[in-house]
Amino acid sequence: MTSAPVCSRWPAPARTLALAALVASVALVSAVRAARAAEFQRIVLPTGARLILKPVDTAELTAISICIRTEPDRTPLEDAAGELVARALFSSSLNRSRDRLAASIAEVGGSLETVRCADHVAITCVMLPTQVREAIYLLCEVLKNADFGGLDRVRQELIAEQRRGASGIAGGLDLLRRELQARPDLQDLPYVRVTHAAADAYFRSRYVPDRTAIAVVGQFNPEAVRTAFRDSLADFDRPAARQARAAPLYGHATNYPTRVLKQPGADAEAFVGMPTPPLGDPDFPAFVILKAILGEGHSSRLVQRIREARGIGYNVGAAWQPTLSDPLVAFLQTDARADGAPSGESTGTGSPAPPSRSPSPEAALRLISEQLDDLVANAPSEPELARARSVAVGRERLRHERVRDRAFLLSWYEAMGVGAEADSALPARLAAVSRDDVQRAAQEYLTTRASVLLVPDR
Amino acid sequence: MAWLLSCSPAAHAEGPGHAAEFTLPNGLKVVVRERHEEPLVAIDLWVRAGARDESAAEAGAAHFLEHTLFKGTTTRRAGEADAAIENLGATLGAATGPDYARFYTCVESEHAGEAMAVLADVVCNPTLPADEIERERAVILSELAVRDSDPTALLIARLYETLYAGDSYARLPGGTAASIRARKREELLAFYRRTFGPRRSTLVLVGDVTPDRAREIAAAAFGAWNAPGAEPIAANENGASSRQGNKVVAADRAAAVPPAVPAPPTVKAADVSQPMIGVAARGPAAPNVADVCAAQVVAAILGQSDLGGRLAAARLSQTAAAVIYAPRAESSLFAITARAPGAAGSRARPGLAEAKALRQAIEQVLDGLRASPPTAAEVAAAKSALLGRAVFQNETDSGLAAAIGGAEIAGAPAPEAWRAAIEQVSVQSVRTFVVRWLDAGRRSALILMPRADGPDGDAAP
Numbered sequence: 001m002t003s004a005p006v007c008s009r010w011p012a013p014a015r016t017l018a019l020a021a022l023v024a025s026v027a028l029v030s031a032v033r034a035a036r037a038a039e040f041q042r043i044v045l046p047t048g049a050r051l052i053l054k055p056v057d058t059a060e061l062t063a064i065s066i067c068i069r070t071e072p073d074r075t076p077l078e079d080a081a082g083e084l085v086a087r088a089l090f091s092s093s094l095n096r097s098r099d100r101l102a103a104s105i106a107e108v109g110g111s112l113e114t115v116r117c118a119d120h121v122a123i124t125c126v127m128l129p130t131q132v133r134e135a136i137y138l139l140c141e142v143l144k145n146a147d148f149g150g151l152d153r154v155r156q157e158l159i160a161e162q163r164r165g166a167s168g169i170a171g172g173l174d175l176l177r178r179e180l181q182a183r184p185d186l187q188d189l190p191y192v193r194v195t196h197a198a199a200d201a202y203f204r205s206r207y208v209p210d211r212t213a214i215a216v217v218g219q220f221n222p223e224a225v226r227t228a229f230r231d232s233l234a235d236f237d238r239p240a241a242r243q244a245r246a247a248p249l250y251g252h253a254t255n256y257p258t259r260v261l262k263q264p265g266a267d268a269e270a271f272v273g274m275p276t277p278p279l280g281d282p283d284f285p286a287f288v289i290l291k292a293i294l295g296e297g298h299s300s301r302l303v304q305r306i307r308e309a310r311g312i313g314y315n316v317g318a319a320w321q322p323t324l325s326d327p328l329v330a331f332l333q334t335d336a337r338a339d340g341a342p343s344g345e346s347t348g349t350g351s352p353a354p355p356s357r358s359p360s361p362e363a364a365l366r367l368i369s370e371q372l373d374d375l376v377a378n379a380p381s382e383p384e385l386a387r388a389r390s391v392a393v394g395r396e397r398l399r400h401e402r403v404r405d406r407a408f409l410l411s412w413y414e415a416m417g418v419g420a421e422a423d424s425a426l427p428a429r430l431a432a433v434s435r436d437d438v439q440r441a442a443q444e445y446l447t448t449r450a451s452v453l454l455v456p457d458r
Numbered sequence: 001m002a003w004l005l006s007c008s009p010a011a012h013a014e015g016p017g018h019a020a021e022f023t024l025p026n027g028l029k030v031v032v033r034e035r036h037e038e039p040l041v042a043i044d045l046w047v048r049a050g051a052r053d054e055s056a057a058e059a060g061a062a063h064f065l066e067h068t069l070f071k072g073t074t075t076r077r078a079g080e081a082d083a084a085i086e087n088l089g090a091t092l093g094a095a096t097g098p099d100y101a102r103f104y105t106c107v108e109s110e111h112a113g114e115a116m117a118v119l120a121d122v123v124c125n126p127t128l129p130a131d132e133i134e135r136e137r138a139v140i141l142s143e144l145a146v147r148d149s150d151p152t153a154l155l156i157a158r159l160y161e162t163l164y165a166g167d168s169y170a171r172l173p174g175g176t177a178a179s180i181r182a183r184k185r186e187e188l189l190a191f192y193r194r195t196f197g198p199r200r201s202t203l204v205l206v207g208d209v210t211p212d213r214a215r216e217i218a219a220a221a222f223g224a225w226n227a228p229g230a231e232p233i234a235a236n237e238n239g240a241s242s243r244q245g246n247k248v249v250a251a252d253r254a255a256a257v258p259p260a261v262p263a264p265p266t267v268k269a270a271d272v273s274q275p276m277i278g279v280a281a282r283g284p285a286a287p288n289v290a291d292v293c294a295a296q297v298v299a300a301i302l303g304q305s306d307l308g309g310r311l312a313a314a315r316l317s318q319t320a321a322a323v324i325y326a327p328r329a330e331s332s333l334f335a336i337t338a339r340a341p342g343a344a345g346s347r348a349r350p351g352l353a354e355a356k357a358l359r360q361a362i363e364q365v366l367d368g369l370r371a372s373p374p375t376a377a378e379v380a381a382a383k384s385a386l387l388g389r390a391v392f393q394n395e396t397d398s399g400l401a402a403a404i405g406g407a408e409i410a411g412a413p414a415p416e417a418w419r420a421a422i423e424q425v426s427v428q429s430v431r432t433f434v435v436r437w438l439d440a441g442r443r444s445a446l447i448l449m450p451r452a453d454g455p456d457g458d459a460a461p
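Chains as they are written, first to last, in our numbering: chain R, 1 to 458; chain B, 1 to 461.
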């Protein structure tokens, strides 16, 4: 939110939530620098959790990220338990020191946050180097002994949120995510049925060492940090739940009805969601390039062919955040106001106001679909591919500016089973993507589509 | 709220690395912060060409122009500047605020010269094609539809209108749908000629660049920029600007405490789904460093993010209550905003009674600052949080460039000076700020009710 309203030629992150990835400006990465970025230590702790250490002496901050790979929850009760557990991790009634430490981190400008996605949970803590030892203690205590003393308070918060209902862009994206990933519907408020024992059982079966990767990036003493984690996690020894193989993130349906949500205000949004390849899939780099061709940057197809060529929409493009286990979302926002200036509004000159032109939400969906169909039918041109590779490779560079993001990415790649080395290897894989790779990815993934329209409630 | 801090001209701290400043022969000021941890350079050009520089008859021109500059130059057609930058692996962004237009990118250092040349071409050589202007008009109207659908943005805009009635700061920086529809090419061109020029601009470079290299590429890109019509002293119809050249003079107006605002609490119908409540007072402008820093400390004491603080203690954090404070060159707004919650366990939408109760609760928190003045511990914790957050904000080259440019344009202290000023804030200066600026007689309250529930016009709640 802003007290000094700022208008920009490109949407602000706060307005676009998960679409924020589009805003990043980018730069190319050289092979030498990628190799430098790969320098880290990996330690497998006695109980199976992996620890990645990457000291950066010039950093003013230190970040610790803990990523735990989970399986998609397929029943409402499991999903509710997963959400409750993630939110209540740090709400202990027995150990007030956790709250105090979390507060002390916040008081010096640091942060402690937990993000739960369909296939992983990430806890990320950013702090001053002087707080590292205390933070390690806090985080390890939570991993081992979270007691969910604040479960009832968190339950009430979740129920209140659920009753208010997700709205706006967040609501639309959540609907797409749930449909495409066949996630359970929580409308019957299963939170009330999750007992303390059920939450504890969920925690102990999912938050297990051999699915846990911890990364520390920034200014710290590697030996001291390694010792601290080894000692603190010596009794983090829960066995993993039996799981023959990783469950797929997406459902099997291929046809979805268009959903319509109402919202106050003057704008309309059309979203088309599509499934995406898993992190370890050979199509993963091609899909990153495909997304850039479709809707990342001002020269992408959606922006050029809809916004720039036709003057339609402001918030136009495509977003995909694999780190949030999200689907690919192509979007087009339009002005849903009636033609002509609202009554009582001054034009500044008194001259008659020409009418605006804006497609209906349904027409906006068709405009997006035309571009998707074109990508499925035709390989991109070489200049398009070159631009998209530059943009995608460059964006990777900017994703590594903050120690927080570097710690998260290392822990995420490691926990998801592709190894932390995959982080620095990605730019070279992106640079090697061909036109055929892109078209194959388009044909594989862009034909299953779910749609949501957000329209004004007036 | 993190976004707010990043945009607050004074909300920044010292960045590591060598600092340098110089001025090109044509008057363009260049600020460099050298740091080589990553092979990146943030390039950020700030031009004193914001909504504040529009006359009433030009409303929306600054924003419209910022969009239109990308629509072609004397050597590039529409879209070619973006393509050039994106082929370097970067994107070109722009924004318009009340005091500025801003153009920025972040690129690998070996491409900094090429990227700056593209950015300079966009800013110095635009052709403003008539057909492109018409297409972009519709894009901007769509943008305004997004802005006008944001309940907090609506609330803040209405509070500015109330507290700055008759001042250009009361206008929305992006214009209104009507004013954007009304703007003509010749008006944009006139605004450009009057406001875009090297003597009204500051170029900030942060990252993997030396001052010598910065001078070389800045001179190559911007050295020929000559804009005789863009005078350093902005003259708008209010005659209120205190800006001279690249320096903002701390005018009496910036430092003075404004007169009390006798506006009664107001209720308005708006496009919101839940009642929105705002209680606000005019705050110190950016050049008033001591009061600005005290204001920032008070905001942190109240709870500018999820730190807790007095809003949380009053259980207002459950209503998404937030403190809004970002000083501009000649104004600011110190506001608490909140969204009325429904009754516990109820699906019913909260009504005017709940909104009124929330407004009273916010007023009590503000009154409490005087009845129970901030303690030394509260002030120390708030200062620590502000300084720590600034480290995080300035961790990226882009973040530090934005902080430096924002301060430069608003007349706020440079990052190092701001850090020192925050450390100077005392319990007494905080208490003095509360008495001088946040007194009940200076505050204005506003409730936005959903159209289905609210009154058609204004009414005292």
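Careful, some of the hints might be misleading.
Restraint ranges, calculated between C-beta atoms of paired labels, are given here [unchecked claim]: (1) R:Ser434 x B:Arg315: 55 to 63 Å; (2) B:Arg193 x R:Asp185: 46 to 54 Å; (3) R:Pro129 x B:Asn226: 43 to 51 Å; (4) B:His36 x R:Asp436: 37 to 45 Å; (5) R:Arg429 x B:Gln360: 53 to 61 Å; (6) R:Val56 x B:Ala20: 20 to 28 Å; (7) R:Ala432 x B:Glu37: 25 to 33 Å; (8) R:Thr47 x B:Ala371: 50 to 58 Å.
Honestly, the hints are just simulated from the structure, not real lab data.
Ideal Cβ positions, reconstructed from N, Cα and C, are used throughout, including at glycine.
If I claimed the Cβ atoms of Arg429 of chain R and Gln360 of chain B lie 53 to 61 Å apart, would that claim hold in this structure? Distance hint for Arg429 of chain R, Gln360 of chain B holds at roughly 59 Å.
Outcome for the supplied range 46 to 54 Å, where the beta carbon pair is Arg193 of chain B and Asp185 of chain R: Violated, at about 59 Å.
Using the C-beta atoms of Thr47 of chain R and Ala371 of chain B, is the stated range 50 to 58 Å upheld? Holds: the Cβ-Cβ distance is about 54 Å, inside 50 to 58 Å.
Per the hint of 43 to 51 Å, is the separation of the Cβ atoms of Pro129 of chain R and Asn226 of chain B within bounds? holds, 49 Å
When you take the CB atoms of Val56 of chain R and Ala20 of chain B, is the distance between them in 20 to 28 Å? holds, 25 Å
Mind checking the hinted window 55 to 63 Å against the Cβ distance between Ser434 of chain R and Arg315 of chain B? Check passed, 58 Å falls within 55 to 63 Å.
Assessment of proposed distance window 37 to 45 Å (beta carbons of His36 of chain B, Asp436 of chain R): At roughly 40 Å between Cβ atoms, Asp436 of chain R and His36 of chain B fall inside 37 to 45 Å, so the hint holds.
25 to 33 Å was suggested as the range; check whether the CB atoms of Ala432 of chain R and Glu37 of chain B agree with it. holds, 28 Å
Checked against the numbered hints above, the structure breaks only hint 2 and satisfies the rest.
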